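Asks: These are the residues of each chain, in order.
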Amino acid sequence: MAHDSHSGHHIVSQRVLITVFASLVALTVLTVITAQFVDIGVLNLPLALSIAGLKAMLVVTFFMALKYDNPMNSLILGIGVICVTVFLVFTLFDTAFRGDMPNVDSQTISDTEGRNLNQEAREAREESAGAQH
Amino acid sequence: MGDKGTFWLPESGSTLSPGLDSLFYFTYWISVVIFVAVTVAVIVFAIKYRRRNDSDIPPIVHENKLLETAWIVVPTILVLIVFTWGFRSFLKLHSPPANAYEIQVTAKQWLWDYTYPNGKTSTGDLVVPVDRPVRLVMTSTDVLHSFFVPAFRVKQDVVPNRYSSVWFEATGQGEYHILCTEYCGTQHSGMLGSVIVQSAEDFDAWLQSGVEDMAPAEYGALLYTQQNCNVCHSVDGTRLVGPTLLGLFGRQTTFTDGTTAVADENYIMESIVNPMAKIVEGYPPGMPTIYSSFDSDQLNALVAFIKEQQ
Amino acid sequence: MSATQTVGTESGRSVSAPVNYLNHDKSIKGWLYTVDHKRIGLMYLATVSIAFLVAGLLALAVRTELFSQGRTIMDADTYNQFFSLHGIMMVFLFIIPSIPAALGNFVMPIQIGAKDVAFPRLNLASYYIFVIGGVLAVTGILVGQIDTGWTFYTPYSSRLGAPVLFLTSAVFIAGFSSILTGLNFIVTIHKMRAPGLTWNRLPLFVWSIYATSIVQVLATPVIGITMVLLFMEKALQIGIFDPALGGDPVLFQHFFWFYSHPAVYIMILPAFGIISDLIGTFSRHEVQGYKFVALSSVAIAFLGFLVWGHHMFVSGQSVVSSIIFSLLTYLIGIPTGVKVLNWVGTMYKGSISLQTPMLYALSFLILFTIGGLTGVMLGVLSVDVHLHDTYFVVAHFHYVMMGGTVIAALGGLHYWWPKMTGKMYNETNGRIAAVLIFIGFNVTFFTQFIMGSKGMPRRYYDYLPEFEIYHMISTIGSFLLAIGLFMAAGGLIASFWRGKKATSNPWKSLTLEWTHTTSPPDPHNFHHTPIVTRGPYDYHLAPEIFGEPGGDGAVVSAQPDTDPVQQ
Amino acid sequence: MSEAVATAEQIHGHDDHPAHLQHHFVTSDQQFEASKMGMWLFLITEILLFSGMFVAYTVYRVWHPEVFQGVSSLLDWRLGGLNTIVLLASSFTVAMSIHFAQKNNQKGLVINLVITLLCACIFLVVKYFEYTGKFSHGIFPGIAYHPHGDYAVYDIPYAGQFFSIYYIMTGIHGFHVLVGIGVFIWITIRAIKGDFTSAYYTPVELTGLYWHLVDIIWIFLFPLLYLI
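Chains as they are written, first to last, in the numbering used here: chain A, 1 to 133; chain B, 1001 to 1310; chain C, 2001 to 2567; chain D, 3001 to 3228.
Hints were generated in silico from the structure; no laboratory data involved.
Errors might be hidden in some of the hints.
Heads up, simulated EDC-like pairs for lysine to aspartate or glutamate below, C-alpha to C-alpha not over 20 Å straight-line [stated by the list, open to error]: (1) A:K67 x D:D3029; (2) C:K2291 x B:E1063; (3) B:K1307 x B:E1218; (4) C:K2349 x B:E1218; (5) B:K1004 x C:D2025; (6) C:K2349 x B:D1056.
Just so you know, these numbers come straight off a predicted model, no measurement behind them.
Whole structure, please, built from the sequences with the hints as guidance.
Replies: This is the structure:
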């Protein structure tokens, strides 16, 4: 067979697993502290996401043993991640650049369905006039 | 209106049409050339190289690198030309002149409402001046619709809770179709209207005119088409979404709750203003409540019109 | 050809009715619980044929209604439901599973020299999940009126009653089946190839199934989550897609087309594979630019994820977005165009036999070229503004989906029919049907290009008087097309009783399903795993097939239509 | 192909087939690799399934950043943090159980699987208390969002969207945890019966991969929903 690879059977040592677990817990604590108690303005979001990304990398590399696995599986994961990125970025090409028109004020919206919209939804719509733009 | 267009395209009625038509025909003729080349090759090869002997093994043909490269390079250049051209005219479609005359459009199932800057409104027929850029600011009250005037080559989805816009400058007086091209329910194909292009003077006169001097039944007939009553209620006895108006006045009508009534003026008025009050047996409770805002003149006119349908 | 010889002798000599996958276990249970990819393929074939028949009859009803202005045979609500159901069933229950799940399941494992797919039980599970999806869809249809079109645009769809819940669940579940099939095929192609069957010796059908599977795995989950969100929008009013609740209907369109544009490649890529195999076989020529045709399928699969916004040029998405999507759309046009050149080039100086499958392949070349070129026209930003949501678009995607995929599927079905059933269909009937389908199809849909560009919107129950003549011609064409399709189906079905027994290799093809298995194949495909020593279209290296000196041409008779097992 | 006399069976031999090897595979390794690749492919479909919700989250966050920042403080980061640690721990024990399976350590394998199972249950219990706590304050998804009492100040536009996304994301994630629990019960029973050895532990490996993905999804959900 073309793929008689034994790479899938690599045994990850206990020490590595414990170290990774400890780092993951440490990173969790770090992300809570930086997000809840340190205000660095617009940087909070990218920082939290970077920490999450780092944690995910650790899990993928060691717990899921991708480091020792058939590279094909890394490629599969990579393609999946690229696809998600494309989905996100290309949708944002639209939603983030739409604002050439102001939004409708809610008076023009009549509920032809006769649906029982409760008060907060109505307010939400009114707010949309200002907020969405 | 008639069929004044070319074989492929409808008549041209706006300043946007000629540019777009030449782009259409440019891509069209390139496509024709490519298509003919492929088809001729297929037919010629199929005849010329047909199998003559069952154990025939043809010689190996090495790929013609030059031909392949050409087949990649030439189409690439062509599509880049087409893209750039389309891109520029697309921007034009999205850049209304600053001095454009602005009309508000509201789409609902299944009609178009227009409000002019001076507060005048119309339904179905959009009256615009010739040789003057007009910008429509559109929204919908229910589901998605799409505003399409084939002769002007413009189309734009109309989205609830959001404004979208479209602009055009009509080049000739006349009447052009407005079609809805985003599926919106039962009478999607009946959601029609017309753009009526008038000279600047006629348009101004129309804008100032009232409806006071019309006879009630005449005004009612106008409302019947303008408000798209005709989409759901025929006057010739045909069964549409709602009951026909033919012979309605004085008819004994049975409702879904089992009661009956003779259709008189009050019943008709109630049915327009509060359509859910009595539902005629065998018909869905589908009439929109948007007509509750009719004033007494309009209601009288409609009742007078319906009375005449015998 | 020793392996072929082995198969022929071992399975056929001593017994009068040799064991094959059809006759080794004839019980109902033997079919319902089977994990044999060939039987599962046939079960898929039967199921999608039913879907095709129903959806096709709906199309005929729609065309009949449009024959004249105003009411012809049904009212507006019925018409709207009919065109919606036609679209939903054709897309989700027929075209998407047709070639990959039916023909792919049967042919692909044999073409790569495997005994079965990598996960046979998962394969059976996929089939039953698909059936559940189909049953749910039918339930939704019976429960109530679905008239959203196959695109389910919000807020129209999210305000519809209970039936939309059934339909979204059905699409979600059918999608799950599609994911599992794709996953199964990718692993099969990676891990189960016979010794010597390197990537550049894979038949192009396998390549195209591989590319299709990638799209199935990557795109289908998104329609899944879209359907979940649409379900929630209806059930809990979550306000993501419904503008009345603060949601954004255009966002729904992004979600929908992120799946549904790649889904177009799920539909058309397998057709590319079939056409490559057919043109190679019936021209007896190596497919020109084999590597390009193979790799461009995979490239198209990935590029297909970058262009979904070209369905939304007039939806109200940002101008920036439209421009980016338009440019990327052209990138995908170029490799597709080169494929057409390669197919035509394959015929050059070949030895062309115009048997039924080849007639379908040639139809495909012509129809798909029209479909592709009109696609380029629709990709032009400003021209699309005029053509969007008109019959021009309807005609375009029917040229691609029907003129492309369905025609290719018919070609493939005729090509592999002897292998699947062991019977030859009537060649004359097959050819007449192919020609009739070609004519009927063009009459039906070419007129739609004309009325579309003149401004006839799609999904219209009624229309303006100037379009009546086009609609009449189109409806007449659709009946011609239907006659052709029934003739083709009749010819295939009649072969069960009247067809001659098929030889193991009636077309003298070089791929493993022809050279190394009987017709129909053994339950385990091969008695011994074949070892592959040449490419799939190396006709010049296969003198044994054509009875030239040095080969044992007697193994496979030089005359088609004779019984292989009696040799 | 006249020279192609040899067949794959002759190369690989046909005799010593272990019990777990299915007939259509030639070697155990081929079967293991195929299963693992299949699992990875399944995992990316899961990633793409969640991607839709992440896109919805991003789009609405870009449109209404202040709303999302404001109402995310309604979620208790302590409970979210606790659940994060619980899931990380379970991921760790799954990795350990595979480690022990590879070393033929039956006891280590079972103990670690049981701990994983417990962690998964703890996660759902915490989630249950979070949900009921929110419900009691009228914090529901979408149109039903109507906080009262102390939370009435959070009755702001688009908060309903945030909680729609919150409930759907954590709900589907919770469903995955539930499925994971079911699979772990099955795996643990098989492990106790001694089905797994260093030569064959594919189900443990595959379940582990699935479980790690569930963990990774949560790693992203936690900061996005609870923290920022």
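Asks: All the hints need checking, so say for each whether the structure fits it.
Replies: Tested hints:
1. Only pairs whose Cα atoms come within 20 Å are accepted, and A:K67 paired with D:D3029 is accepted, the gap being roughly 19 Å.
2. Distance hint between C:K2291 and B:E1063 is fulfilled; the C-alpha atoms sit about 12 Å from each other, no more than 20 Å.
3. Distance hint between B:K1307 and B:E1218 is fulfilled; the C-alpha atoms sit about 12 Å from each other, no more than 20 Å.
4. Taken as a hint, the C:K2349 and B:E1218 pair is broken in the structure, with Cα atoms around 76 Å apart against an allowance of 20 Å.
5. Restraint check for B:K1004 and C:D2025: not satisfied, since their Cα atoms lie roughly 68 Å apart, outside the 20 Å limit.
6. For the given pair, C:K2349 sits about 12 Å from B:D1056 by alpha-carbon distance, which is consistent with the 20 Å threshold.
Comparing the model with each earlier hint shows violations of hints 4 and 5; every other hint is respected.
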